[in-house]
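Colleague: This is what each chain is made of:
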Amino acid sequence: MREALDHWTFVTAAYAVGVIGTLALVAWSWLAMRRAERKRDAARGEGKPRR
Amino acid sequence: MLRASCAAKGAAQSERYEMHGFANPARFLRIARPLTAPLLLVGLALAGIALAWGLFCAPAERLQGDTVRIIFLHVPAAWLGMGGWMAIAASSLVELVWRHPLANVVARAVAVPGAVFTAICLATGSIWGRPAWGTWWVWDGRLTSMLVLLFLYFGYIALSGAVSREGASSRIAAVFGLVGAVNIPIIHYSVLWWNSLHQPPSITMGQSAIAPAFLWPLLLATLGFSLIFGGVVLARMRALLAEIQAEARLRRKATGA
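Going line by line, the protein sequences match chains H and V. Those letters in the first sequence? Residues 1 to 51, per the numbering used here, in order. Those letters in the second sequence? Residues 1 to 257, per the numbering used here, in order.
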């Protein structure tokens, strides 16, 4: 017996996982970098750490 | 004889210092700062174009139908998951042999994006498996060795984090990174060594069994995601270096130096 599966449901799910995962990784890395560099500059006395 | 030996030792040392000169954090940051954002932006643009091309312009495949479009995410993610661990292994070797100061930072920076892309590869593969094979998961060589790679990444992230927190020798994590590389050829050859639902490699050195209609968006997607990976690694390296520098500064202030 052959299952009638809608291919686009699987394609959409895979793209959602891939795109959301990649964008979350980029956003998290960028924000973590900015936070760490602000903290370093504050330790050097070049700026204030922001929360 | 003694003089020759001393000269050789001196030359090796100066070569090491010269190499360490390239690992100077200030020099690295001068190169990394202007590269991080462009790598991320160009990578996101190329990956976006490739995914749109794959979704809306590439034809449906004769046997797999529309599910073939998952290839444009699944293959770059697999390549980056495996390539990420190769980068960790290479950095670990450089750290163990030459004690390069930035090697440990590179390995730690690669671990998180490597784990994320391995997880994306496993998730998209599982989603693709359901319509293609009739099952979400099967414990065959390729899928299991890829899952082992994800656990290796988790182990490396935990170990290198603990080593850095406790101030222990980073060589422990480097040995783990090097030993874990044993899994990479197992992943690659698993589809040839054992019976598997997973297809054998479609792209080998200079040869491709993929039709050009799928190959070109696939290559563009691989390039785009690789640039994103590079940008994320640079951002993570900058974050790790900034944390080290801030901690060193605070420690110096605390000791009154």
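Hints were generated in silico from the structure; no laboratory data involved. Computed from a predicted model, the values in this text were never measured in an experiment. We treat Cβ as the ideally placed atom computed from N, Cα and C, and that holds for glycine. Possibly wrong hints are sitting among the right ones.
Chain V stretches covered by chain H per the calculated footprint, using a threshold of three residues with CB under 8 angstroms from any CB of chain H [as the list claims (entries may be wrong)]: (1) 65-72; (2) 94-104; (3) 120-126; (4) 134-146.
Distance windows between CB atoms, simulated [to be verified]: (5) Val-175/V <-> Ala-4/H: 50 to 60 angstroms; (6) Leu-5/H <-> Pro-185/V: 15 to 25 angstroms; (7) Val-182/V <-> Thr-9/H: 22 to 32 angstroms; (8) Leu-5/H <-> Pro-34/V: 41 to 51 angstroms.
Short derived list, chain V residues pointing at chain H, Cβ under 7 angstroms [as the list claims (entries may be wrong)]: (9) Val-116; (10) Arg-171; (11) Gly-230; (12) Val-232; (13) Ala-235; (14) Arg-238; (15) Ala-239.
Colleague: Go through the numbered hints given earlier and state which of them the structure violates, listing their numbers in rising order.
Modeller: The structure breaks hints 2, 4, 6, 7, 10, 11; every other hint is satisfied.
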